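S.K.: Take a look at the letters that make up each chain.
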Amino acid sequence: MGAIDSRLFKRNSIAKPHRQRSTLARREEWIGWLFVSPWVIGFVLLTAGPMLASLGLSFTEATLLSPPRFVGLDNYRMLFSTDEVKSLFWKSLSNTSYYVFLSVPLTVALGFAMALLLNQDLKGQGIFRTIYYLPSIMPPVAVATVWTWVFNKQYGLLNAALAWVGIEGPAWLTSVEWSKPALVISSVWTAGGGMLVFLAGLQGVPTDLYDAAKVDGAGVWSRFRHVTLPMVSSTIFFVLVTSIITSFQVFVIVFVFSGAVGGSQAGSLGGPANSTLMYVVYLYRLAFKQFRMGFASALAWIYFVILMVFTALVFKSSSAWVYYEGELLGGGDGK
Amino acid sequence: MLELAYLLNQRRVKMEQKTLSRREFLRMATVAAAGTVGAALAGCAQPAPGVVEKVVKETVVVEVEGTPEVVEVTKIVEVAPPLETVEIVYLGADESGAGAVAFDVYTDQVIPPFIEENPHIKVTFEPAVGDWDDMIIADAAAGTAPDIFPHWAEFGRRLMEEGQMLALQDYIPQEDLDDFLEQQLIACRVGPSLFALPRYISTVALTYNKDYLDEAGIEYPDETWDWTDLENALQQLGEMGTSERGTLFPYYVNPWYQPVFVWANGGEWMNKEYMGTKMLIDQPEAMEALRWQYDMIYRHGYAPTGEEVEGLGWWEAWQSGRFAFYEGHSWQVSEFVSVCDWEWDYAPLPKNPNTGERGGIVFNDSQSVYAGTKHPVEAVEFLRYVSSPEVEKIMMTSVHGWQPCRRSLDEEWITESAGAKAGKNVKAFIDILPTVRQDPYFMNDAQVKEIYEPIWDQIWVTGDIGLDEGVQRIVTSVNEYLDSVA
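First to last, the protein sequences are chains A and B. Using this note's numbering, read the first sequence as starting at 1 and increasing by one per residue. Using this note's numbering, read the second sequence as starting at 1001 and increasing by one per residue.
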C-alpha cells in the first residue's frame, strides 16, 4: 500500500464522528417531538387555531351562523367608544378592575395568613389544611348559589351577623353600590388554593436561617420580614400572577348572582343595572345573546393584550422584590 | 423412502403453491357455471331489486259472444318500493321542572305512535337539558343541530333570522294553520315565510291565594273585576305581616310583562305589532298604566321592592306562598298544582276601568325544523305530528300541562288539563285569548334590551331612578339607536 493521503484520512476522521453525533442528535430530537406531539397537536387545534380564527373574526361582522363580512377596524373603533349604547367596554373594564384590585390582595393575603398559621407544628395540621382547602375545589355554581343565600338582605348569614353588632346590612345583590363588594367578599372562598401553595413555600424555608436570625437577636416580626418574606417571595409572585389571571376571568359567580337579582332573567346578566357586568360576562352577552361574534372577538383580543401588559408589569416589578435562592447562592447574575 | 418423501414434498409444495390440475380446474368451472346459471334463473323468477310485487284482484267487464260479462281477474302489479329508513333527531324540552318523568312523555307516549305509522323514520329523542339554547347555537354553527328543536323568544327569533330554520310554507297548507292563534304565528314568520309552529300557548291570568283572602274577608276575583277592584282588595289586605314562609305581600309586580297593562289602558309598547322600530312607552296611556304598577311598589307598598324578594325569581314567586295575588302563566299550572299546598285559584286579569279592556299576552314558544336537516320531508312530517291535536292533548294532560295552541282543543283544556282536574278555573286562560297580543319584539331586539334593561333594573329592582326619568331615558336611547340602524 502506498502512503495514505492525509487529507482523506483527515476528512474521514472528521466526517465519521460528526455523522454519528448528528444522527443521534436528530434521532433524539425526533423522539422528543414525538413525546410532546400530543400536547402540540392539542395546542394547535384547540388553542392556537381558535385564537387565530378569533383574530380573523375580530375584523368582521360575524354571527357564526352566516358568512362573516369584513369590516376592517370598525369593531375596534366601536369598542373604545364611551357611548354606552355602542359599547360597554369601559364599564365592564372598570367593574373588572374594581374586582381584581380588591379581591386579589384579599385572597392572597388571606391565603398567606392561613398558611402561616398552618405552618406551626400543630396536631391535626392535616385536617385543618383539608378544611381550608376544601372550599376552593367545590363546584363554582354550587358555591355561588350558597353565597346568594349568605347575602340575602332579609335572611342571609352576613346581615344576621352584622345585626348582632347593631349594623343594618345592605341589599347586597340588588343594590348598585353593594353588588361589587359582595362579589369581592365571595372571592375569599378561593383563598384555600393559594394557601396550599404558600404552605409548600413556607415549608421550604431552611430552618437554619431562622436559627441564625434568632442568634442575631431578631424578634418574631424581624424574622418574618427579613427571612420569611424574602424566602417565599417567589411563591407570593407565583400566586399573585395566577390570582390576577383567574380574577380577570370572573364569570360563574356573576352568572348566578344575576339570576338572584329581584326576579330578573338572564337578560339582565351583570345586573342590577350593569353594576356586576364583568369583562368576560360582557363578552358572553355579546357572543351568545346578541350573536355579535366579530365584536366579541375584538373584545377578547383587547383583553388578551391588557392581561399580557398587566402580567408583564408584574414580572418587571418582580426584580425589585422577588428573590430566588439560586441568585442568593451565587448563581444567575451572582448578585 | 427418499422418493416417497420427495413425492410427498411435491404434493405439499403444490398445495402451498395452489396449483390446479386440469381435472380440478374443470370440476370447479362446472360448479361455478352451474351456480351462475342457477342464480340467473332464480333472478328471473324474482322482481327487480327494490320493486315490490302485489297480487290484486280486479273486476273487469268483458264481452263474451257479444254479451258483456263481469269477471274477476287476478294480476300481479308492481308497487312503490319500501322507503329507505332515515333517522331524525328530536330535541324535546321540559318547562314543568318534573325532570326525567317529563322526558319520558316524549319517549313513551309521543314518539311511538309516529314510528308505528312511519316505520321508515327512526326518531332519536334528545332531552333539552342544561344550557341547551346555547348548545343549539353552537350545533347550528357546526351544522349538527337536531332536526327538530324547540325555541322561544329572542333566541329562537334570532336563529330564524339567521336562516337556521327550514321554511315550512311549501310543506304545510294554510288550512292546517287556521287552528292556531294568528298572534302566535306572527312570531313564527319572517316576511311571508313560515319557519316554526307554535309549541304551546303561554298566557297570563290572575292567581289568588284563597286562604289570605278568606282571612281578610275579601271576595274572590271574577271576570267582572277591574283595576279598581284589585286595588281595593290590595288595600284591604294591607300589611300582611310575616309567616314561616317570610314576609307576606298582597301583590307581586312582574317588571317584565308590563305590556299587558299598557295595552289594556289603550297604550302601545311599540309602533308595530312585531319587529317594532319605535318605542312608545312614554305616551300618556302607557305611562298611566306603568304608573299604576309603579305605585303598587313604591307608593302603596302592596308589592315588594327588588331587595325584599332578593333571590326569588318571578317564575317562582307564587310557589313561595308569600303573595295574595300574582300574575300566573299557563305553563306554570302543572307545577303550581303539584307544589302549592294552600287553597288558590285563577281568575281573568282585571279589566281596565277606563277602557273596559283586558290586556293579554302570548309568547313565541315554538318548534322548527333545522335548515340543515338531511331529511326535510321526514322532519316536517314529524313536526306536523308533534303539532297535531293528538300530541298537544298528550302534552296537555301529562306532567308538562301545556296549554294547547290549537283552538280546537280549548274545551279539553277547560275540562281535562291538570289544572282542570285539580278544580282550578283554567278557563281564565281561554277567556283572555281574544285579546292577547304577541310579546313585544323590536328590530335588533338583543341590542335594544342591552340599552333599556339596565335602566329598567334601576326603576323596578333597585329603585334608584324614578319612573318618569327612567322611561324618558329609555325611550330616548332606544329610539336614537333604532333610528341609527333603520
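Hint data in this document are derived by calculation from the structure and do not stem from the laboratory. These numbers were taken from a predicted model, which means no experiment stands behind them. Quick reminder that beta carbons are idealized off the backbone N, C-alpha and C, glycines included. Mixed in with the good hints there might be a few duds.
Within a straight-line C-alpha distance of at most 30 Å, the following computed BS3-like cross-link-like pairs (lysine-lysine) qualify [stated by the list, open to error]: (1) B:1122 <-> B:1374; (2) B:1278 <-> B:1449; (3) B:1210 <-> B:1449; (4) A:316 <-> A:91; (5) A:86 <-> B:1278; (6) A:91 <-> B:1278; (7) B:1122 <-> B:1393; (8) B:1427 <-> A:86; (9) A:214 <-> A:91; (10) B:1272 <-> B:1122; (11) B:1210 <-> A:86; (12) B:1374 <-> A:289; (13) B:1210 <-> B:1374; (14) B:1449 <-> B:1393; (15) B:1449 <-> A:289; (16) B:1427 <-> A:91; (17) B:1421 <-> A:289; (18) A:289 <-> B:1427; (19) B:1449 <-> B:1427; (20) A:86 <-> A:214; (21) A:123 <-> A:214.
Some chain A residues well away from chain B (every beta-carbon gap over 10 Å; in silico) [claimed, not checked]: (22) 152; (23) 155; (24) 280.
S.K.: Run every hint past the structure and note whether it holds.
M.R.: Structure-based check of all given hints:
Restraint check for residue 1122 of chain B and residue 1374 of chain B: satisfied, since their Cα atoms lie roughly 13 Å apart, inside the 30 Å limit. For a cut-off of 30 Å, the pair hint linking residue 1278 of chain B to residue 1449 of chain B stands: about 13 Å separates their Cα positions. A threshold of 30 Å between alpha carbons decides the hint, and for residue 1210 of chain B with residue 1449 of chain B the separation of about 37 Å lies outside it, so the pair is violated. Between residue 316 of chain A and residue 91 of chain A the alpha-carbon distance is near 28 Å, which keeps this suggested pair within the 30 Å criterion.
With a C-alpha separation of about 18 Å, the suggested pair residue 86 of chain A and residue 1278 of chain B falls inside the 30 Å cut-off, and the hint holds. For a cut-off of 30 Å, the pair hint linking residue 91 of chain A to residue 1278 of chain B stands: about 27 Å separates their Cα positions. At roughly 23 Å between alpha-carbon atoms, residue 1122 of chain B and residue 1393 of chain B fall within 30 Å of each other, so this suggested pair holds. For a cut-off of 30 Å, the pair hint linking residue 1427 of chain B to residue 86 of chain A is broken: about 46 Å separates their Cα positions.
Between residue 214 of chain A and residue 91 of chain A, the direct Cα distance comes to roughly 52 Å. Violation of the 30 Å bound is thereby established for this hinted pair. Restraint check: the Cα-Cα separation between residue 1272 of chain B and residue 1122 of chain B comes to about 42 Å, which exceeds 30 Å; the hinted pair is violated. Proximity of residue 1210 of chain B to residue 86 of chain A is assessed by CA-CA distance (about 49 Å); at most 30 Å being required, the pair is judged violated. A distance of roughly 27 Å separates the Cα atoms of residue 1374 of chain B and residue 289 of chain A; the hinted pair therefore holds under the 30 Å criterion.
Annotation: proposed proximity of residue 1210 of chain B to residue 1374 of chain B is violated, straight-line Cα distance about 53 Å (limit 30 Å). A hinted pair counts as satisfied when its Cα atoms are at most 30 Å apart, and residue 1449 of chain B with residue 1393 of chain B does not qualify at roughly 35 Å. Under the criterion of a C-alpha separation no larger than 30 Å, the hint pairing residue 1449 of chain B with residue 289 of chain A is consistent with the structure, at around 10 Å. Proposed proximity of residue 1427 of chain B and residue 91 of chain A is contradicted: the alpha carbons are some 48 Å apart, above 30 Å.
Taking the CA atoms of residue 1421 of chain B and residue 289 of chain A, the gap is near 39 Å; set against the 30 Å cutoff, the hint is violated. As the CA atoms of residue 289 of chain A and residue 1427 of chain B are separated by approximately 36 Å, the hinted pair breaks the 30 Å bound. Pair hint residue 1449 of chain B plus residue 1427 of chain B does not hold up; C-alpha atoms about 33 Å apart against a cutoff of 30 Å. Between the alpha carbons of residue 86 of chain A and residue 214 of chain A the distance comes to roughly 63 Å, so the proposed pair goes past 30 Å and is violated.
Between residue 123 of chain A and residue 214 of chain A the CA atoms are separated by roughly 25 Å; this keeps the pair inside 30 Å, and the hint holds. With 10 Å as the threshold on Cβ separation, the claim that residue 152 of chain A sits away from chain B is violated: the shortest Cβ distance comes to roughly 5 Å. With a least beta-carbon separation of about 7 Å from chain B, residue 155 of chain A fails to lie farther than 10 Å from that chain, contradicting its non-interface assignment. Distance check on residue 280 of chain A: its Cβ is at least 15 Å (rounded) from any Cβ of chain B, clearing the 10 Å threshold; non-interface status holds.
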